[in-house]
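Colleague: Sequence:
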Amino acid sequence: MSYSDLKQYIRKYFLDAYVLVFFYILFFDHKHIDIVRAPFFIFLLWCIFKKHLHWRFLFDIITTSIWAFAVFAFSSNLVNGIDQKEIVRILNWLYPYLLAKYILMYSDFSKERMLSYFLSFASCFSLAGIFGFLFQWDTLLGIALFEGNRFVFTFSGINRAGFYLATAIIFNLYFFFKDRFVLQKGNLIYAVSLIIIACGLVLTHERKSLLMVGAVLLIFLFVCKRYWYIAAIFIASACIVSLAPIPDRYQPREMFLNDGMQGRYNAWEAAIGLFKEKPLLGHGYPSFENAYSNYYKKNEETFKFKVFNRYGIAHNLNLNVMAETGILGLIAMNVIFFSIWEFTAFRKKDKFVFVVGTAIVFIYITMQFGNFVHAPIRTDLAFFIFGLFMGSRQRTYKGKEQQ
Numbered sequence: 370m371s372y373s374d375l376k377q378y379i380r381k382y383f384l385d386a387y388v389l390v391f392f393y394i395l396f397f398d399h400k401h402i403d404i405v406r407a408p409f410f411i412f413l414l415w416c417i418f419k420k421h422l423h424w425r426f427l428f429d430i431i432t433t434s435i436w437a438f439a440v441f442a443f444s445s446n447l448v449n450g451i452d453q454k455e456i457v458r459i460l461n462w463l464y465p466y467l468l469a470k471y472i473l474m475y476s477d478f479s480k481e482r483m484l485s486y487f488l489s490f491a492s493c494f495s496l497a498g499i500f501g502f503l504f505q506w507d508t509l510l511g512i513a514l515f516e517g518n519r520f521v522f523t524f525s526g527i528n529r530a531g532f533y534l535a536t537a538i539i540f541n542l543y544f545f546f547k548d549r550f551v552l553q554k555g556n557l558i559y560a561v562s563l564i565i566i567a568c569g570l571v572l573t574h575e576r577k578s579l580l581m582v583g584a585v586l587l588i589f590l591f592v593c594k595r596y597w598y599i600a601a602i603f604i605a606s607a608c609i610v611s612l613a614p615i616p617d618r619y620q621p622r623e624m625f626l627n628d629g630m631q632g633r634y635n636a637w638e639a640a641i642g643l644f645k646e647k648p649l650l651g652h653g654y655p656s657f658e659n660a661y662s663n664y665y666k667k668n669e670e671t672f673k674f675k676v677f678n679r680y681g682i683a684h685n686l687n688l689n690v691m692a693e694t695g696i697l698g699l700i701a702m703n704v705i706f707f708s709i710w711e712f713t714a715f716r717k718k719d720k721f722v723f724v725v726g727t728a729i730v731f732i733y734i735t736m737q738f739g740n741f742v743h744a745p746i747r748t749d750l751a752f753f754i755f756g757l758f759m760g761s762r763q764r765t766y767k768g769k770e771q772q
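So for the sequence shown, the numbering used here puts the first residue at 370; every next one is plus one.
Treat the hints as calculated values from the structure; they're not laboratory data. Using N, Cα and C, we set each Cβ at its ideal position, and we do this for glycine too.
Below are the EDC-like pairs computed for lysine to aspartate or glutamate, each with C-alpha atoms no more than 20 Å apart in a straight line:
#1 645 <-> 670
#2 400 <-> 455
#3 673 <-> 638
#4 547 <-> 481
#5 667 <-> 646
#6 666 <-> 638
#7 675 <-> 638
#8 673 <-> 628
#9 675 <-> 628
#10 666 <-> 628
#11 666 <-> 646
#12 547 <-> 711
#13 720 <-> 477
#14 667 <-> 638
#15 454 <-> 658
#16 720 <-> 481
#17 577 <-> 628
#18 454 <-> 403
#19 645 <-> 669
#20 647 <-> 452
#21 675 <-> 658
#22 647 <-> 658
#23 718 <-> 481
#24 645 <-> 658
#25 420 <-> 477
#26 594 <-> 711
Taking CB as the label site, the calculated pair distances span:
#27 386 <-> 417: 21 to 27 Å
#28 603 <-> 561: 19 to 25 Å
#29 481 <-> 564: 18 to 24 Å
Taking the hints into account, I'd like the entire structure generated from these sequences.
Modeller: Given below as structure tokens:
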């Protein structure tokens, strides 16, 4: 093999290897994501320097909104006298976004292969959790599985993995609906993957992701005019509810009248009160935990429930952002999400764009009962999905222009 052949071979398979390492770190070893982040930015700068890539690639509506949010957070911290070290976390959102966007816009990496890799890791992730749970394994390959309520190496709590697995379920829809016939022979492997991932999601007991992925799935099927599937889901759900005992934590009384839910309600109420105090730039990023504690002590008698929210977040993305960065931060954050508003137009043009857009809708709805801006594990996945959307959309437009 000549040097030129070797160089071409390395170039051809290096991206595959890099993506596989990225997914491994994303699912199984997130604390070491810096290992892949720095080389990618060096590579981008080299491409721009060599004019293989235009500098405008770094700037679009989402990257501009991320920079704007970082500026507003920096200004809020400056006004409130808060340390600026957490601002770096915001700029880290650029990495997964630009990575996914670059792969789909400027390489031969197919969209199907990207989702196949993602679903493969999600399936392995679920299987590790399922077998660990069934066989009561405390360790796998010498690594703790459930020590301290951890779930498969990466997540501090078993329910934290629900966000990843619910997203994988939505991605599975692409392979079912990209062709006219849903259950073709080639789709059976994705049907098996769907079952494995769904079992993993149920294992996490993540009620929020379970409910939201179900709602988004029904909306997706309705938009695609798959009414028979909607009827089948309702019948299957009715059978499960009638035959299987519902755990206490899923009972309506437990879900809405326990201390956890009451604490969330108090956090929402406090976030609105904190926003009213400093509506333009908020109390600083991230400051909700301290700001809420002080607000609760001052106004304890006015709260509906006498339960202190011990989690340090507002359990609502918009309310959390409003309290910490004010109306300016709220606008920047929502511009990021609403930049995909046209995704429904791709239902027939490009089902990949439509499915990824559906995943972003799922993220936005789910984050009305949670908050991902202070959780790098969630932000890396979310902005990777944004990159898939923008990269594949540009790829679709580019393909039409060439035609």
